[in-house]
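There are 2 protein chains.
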Amino acid sequence: MPTTSLSGFPELLPSERFVELAVLDRLRTIFELHGFAPIETRAAEPLEQLLRKGEIDKEVYLLRRLQADTEEDQPKSSDSVLGLHFDLTVPFARYVIDNAGHLQFPFRRYQIQKVWRGERPQTGRYREFTQADIDIVAKDALPFHHDVEIARVMAEALGALEFLPPLRLQVNNRKLIEGFFRGIGATDIGAVMRAIDRLDKVPADVVGKELTQVAGLSDAQATVCLQLADIRSTDLAFVERVRALGVQHDLLDAGLAELAAVIEGCATINGVTVEADLRIARGLDYYTGTVFETRMSGHESLGSICSGGRYDALATDGKSTYPGVGISLGVTRLLMPLFQQGVLAGSRPVPSAVLIALPHDDDRSRCDALAQRLRSRGIATEVAAAAQKFGKQIRYAERRGIPYVWFPGDADEPGTDTVKDIRSGEQVSADPDAWLPPENDLRPQVIMQRVER
Amino acid sequence: MPTTSLSGFPELLPSERFVELAVLDRLRTIFELHGFAPIETRAAEPLEQLLRKGEIDKEVYLLRRLQADTEEDQPKSSDSVLGLHFDLTVPFARYVIDNAGHLQFPFRRYQIQKVWRGERPQTGRYREFTQADIDIVAKDALPFHHDVEIARVMAEALGALEFLPPLRLQVNNRKLIEGFFRGIGATDIGAVMRAIDRLDKVPADVVGKELTQVAGLSDAQATVCLQLADIRSTDLAFVERVRALGVQHDLLDAGLAELAAVIEGCATINGVTVEADLRIARGLDYYTGTVFETRMSGHESLGSICSGGRYDALATDGKSTYPGVGISLGVTRLLMPLFQQGVLAGSRPVPSAVLIALPHDDDRSRCDALAQRLRSRGIATEVAAAAQKFGKQIRYAERRGIPYVWFPGDADEPGTDTVKDIRSGEQVSADPDAWLPPENDLRPQVIMQRVER
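Protein sequences, first through last, are from chains A and B.
Using the UniProt record's numbering, the letters of the first sequence correspond one by one to residues 1 to 453.
Using the UniProt record's numbering, the letters of the second sequence correspond one by one to residues 1 to 453.
Just so you know, the hints here were simulated from the structure itself, not pulled from any lab data.
Glycine included, C-beta positions come from ideal geometry on N, C-alpha and C.
Don't take every hint at face value.
Counterexamples of contact, computed for chain B against chain A with all Cβ distances above 10 Å [unchecked claim]: (1) L12; (2) V60; (3) Q67; (4) N99; (5) R168; (6) D197; (7) D250; (8) G303; (9) R364; (10) P414.
No farther apart than 27 Å at their CA atoms in a straight line, the calculated lysine-lysine pairs in the BS3-like style are these [unchecked claim]: (11) K139/A <-> K392/B; (12) K58/A <-> K139/B; (13) K58/B <-> K201/B; (14) K58/B <-> K392/A; (15) K209/B <-> K319/A; (16) K389/A <-> K209/A; (17) K114/B <-> K58/B; (18) K319/A <-> K392/A; (19) K139/A <-> K319/A; (20) K139/A <-> K114/B; (21) K58/B <-> K114/A; (22) K139/B <-> K319/B; (23) K389/A <-> K139/B; (24) K392/A <-> K201/B; (25) K114/B <-> K114/A.
Incomplete in silico selection of chain A near chain B, CB under 7 Å [as the list claims (entries may be wrong)]: (26) L33; (27) I39; (28) E59; (29) V350; (30) R377.
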């Protein structure tokens, strides 16, 4: 890890950035294979846009021009103040409204960008971090099968990050739990959800007290709510277990059917566990159906690293409503702890697979031409900085983790070049128009180290 | 172009973003082939870092936390105020100092990121834009051949963007012009350079007056300076033409040799014109040797879209000095006018090459599985949103620019699938485990339209 000279603004060393790029490239590949189009939105939004859901407690960084000529040159009312976006959902909703006439619905987009939170500096809190979001948004109505699609695409993307510790994509449905809570006679549904949502932070008996004292449930009602929250399964077994609790409600039936469809739809996904987990509620967020959270094995204290769900109204412009379903992966939140704990690393800090050794200073243009022949076949190559003794040049490659040193042969005698694998010491004759390193040496690799816990 | 609802903060539609991604991918590939490592720096720097060269006129966006609890919670002195970076050079210099112990020198890095300028809203001025920088930095001494390397790498990268209007990478050398100006007896070298630097904005006679009236040259001295500035060549012819002006100075000799080496080193680059242009001075910037600018044919009013040069001290930490050479491509500045004028466009707004037609709603899981077989071979595929009449589904594909519609055959009779190229209307039998579209249809392409001027 590099020296972090500004709390909350993480930076990576080059070898770590290769890992991050490998993650982002895989995400992008899978999102595009499923027809998701790339967009970026500007970093700044009008403050009233950022706070439009009335959440005045958002941690926003406001922008002010250093060169504002006078105090009057600064925006006067809050509606022209700019702030940095704190997520990618709010700016995406604004982008959809701004560009509705140019977009085809249902509109699938992915968006991989930095977001900022104007937090007080605090250990473990990021003030700048990267998110990778996918959403599908429609005009007026979005069929339910897109919930299954979003779950499948993100599950497949997470499954492709095979160097991560095991991931568990947890799915629930707001209709299911709301129907259940209504079915047992609860009246303050929001209070029940907020209490249940705290189950991963506080013991069940504390939540039980909150259900009776804050949400107004009887002891029996609280008990059955906790029983519901205890149900999880990677197959459709959860349906029977919910039914066995004996609660009846139309919303519950609708939610059970939707959740079953998502779990069934993800059955063929490899590399990640997808499960129905009936304690997932997503607290105060404005979800109306499917909800997602994701936990990383051995890193449960991070909380959910990939969350989302179905909105009935991602955006509205007065004439139309745009329902959406989406999920957001916290890339920085996921990777930084793995770098810090030495779980993940890049295999080298440079892209170069080959260093061309420089016999004499006046061989530079010959060595440059040689390097260019290797590059033209996709082999990242650099030429030694100085014509030092070969031993020194090999150590230069070693310090950078460059696996191969190329020794140009006699300029007048083609076929006299050799290449040395400096790890094994093996040195062989090589043709610059034909030689290829093994696939694993061609680019920096992601190294996963199992750490003792 | 999308609706731009906030002046100076450009956004792209998905088809345009594909073009930008194609540009960024090619840059990245070439930078990495030459051994340049990727880094990103945080968006924010302490204000005193941003202004450390004493340039208090920089257009900086300052950050302020919305949730600052009290006035006292805001930073008190200017040295703890944060601002968004306005280029990638200042944060890179800070990154090198912060991480010097973790880096191997010479350190080659590329950095592709957004930067911000806290400008007054104004037509044609960007307040958020993307730059792509490469730099090579060393500890204490950086051999001159890295100037040639930087020129070659950026020239090769620009040459790979074959869909752009013709580009001209103009190279000059500060030693050359400073030596020349000293050789003719000029004393205020800075004033001479600033006057010459205005040649692409004002007529030569105005610059001539500035040379005599502001820089204190005689008419004869001014004339020979303008003669120097008029010299350009894509080969080494410029050397003789400078010599023919009869000026003698050691610095001039050194500069001529360096400039000749850069021009000679770039002789084999294709797709971009590299020329010595002796009017290039880079105004007030802190360059000490090689300087670069780049102009795009037919878009000269944009000024230089890719500039840089050699610094004797990119950074210094008291113990060591870090000389560098680098060049910065203004990606947004380059692409936005081309989008606005219809010169460049993406071939479609979605990655999808294939739409799977949905015969009936209960065929969805069969169609999903079919789509997955195509995706597993790298073909971006989406499944129709609803089981409408096939004519409607084909129009749905048409509106998105998806070139192929796949018609699943009889579920019980393998080999009955067909695929239709909806542009030609041609429909053929197809095997989902073997069929491939032509390379050009696989991903959105960059379309270049020659516009009448």
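Now for the hints, and whether the structure bears them out:
1. L12: Per Cβ check, L12/B is inside 10 Å of chain A; nearest 7 Å; violated.
2. V60: V60/B is in fact no farther than 10 Å from some Cβ atom of chain A, at 4 Å.
3. Q67: Non-interface label fails for Q67/B: nearest chain A Cβ at 6 Å, not farther than 10 Å.
4. N99: violated (5 Å)
5. R168: holds (22 Å)
6. D197: Its Cβ never comes within 10 Å of chain A, the nearest being 23 Å, so this holds.
7. D250: holds (22 Å)
8. G303: The assertion about G303/B holds, with a minimum of 21 Å to chain A.
9. R364: Incorrect as stated: the minimum Cβ-Cβ distance to chain A is 6 Å, not above 10 Å.
10. P414: holds (19 Å)
11. K139/A <-> K392/B: The given pair, whose Cα atoms are some 17 Å apart, holds under the 27 Å limit.
12. K58/A <-> K139/B: Distance ~44 Å between K58/A and K139/B Cα, so the pair is violated.
13. K58/B <-> K201/B: holds (22 Å)
14. K58/B <-> K392/A: Given that 27 Å is the threshold and the Cα spacing comes to 44 Å, the pair is violated.
15. K209/B <-> K319/A: Judged against 27 Å, a Cα distance of about 62 Å means the pair is violated.
16. K389/A <-> K209/A: violated (75 Å)
17. K114/B <-> K58/B: Within the cut-off at roughly 17 Å; holds.
18. K319/A <-> K392/A: Not OK: K319/A and K392/A at ~71 Å, beyond 27 Å, violated.
19. K139/A <-> K319/A: Roughly 10 Å separates the two Cα atoms, so the pair holds.
20. K139/A <-> K114/B: Not satisfied, since the Cα-Cα distance of roughly 32 Å exceeds 27 Å.
21. K58/B <-> K114/A: The hint holds at about 24 Å.
22. K139/B <-> K319/B: Between K139/B and K319/B the Cα gap is close to 10 Å, so the pair holds against 27 Å.
23. K389/A <-> K139/B: holds (20 Å)
24. K392/A <-> K201/B: violated (50 Å)
25. K114/B <-> K114/A: holds (10 Å)
26. L33: holds (4 Å)
27. I39: For I39/A, the interface hint holds, since the closest Cβ of chain B sits about 6 Å away, which is under 7 Å.
28. E59: Hint holds; E59/A Cβ to chain B Cβ min 6 Å, cut 7 Å.
29. V350: It holds, given that the least Cβ distance between V350/A and chain B is near 5 Å, below 7 Å.
30. R377: violated (10 Å)
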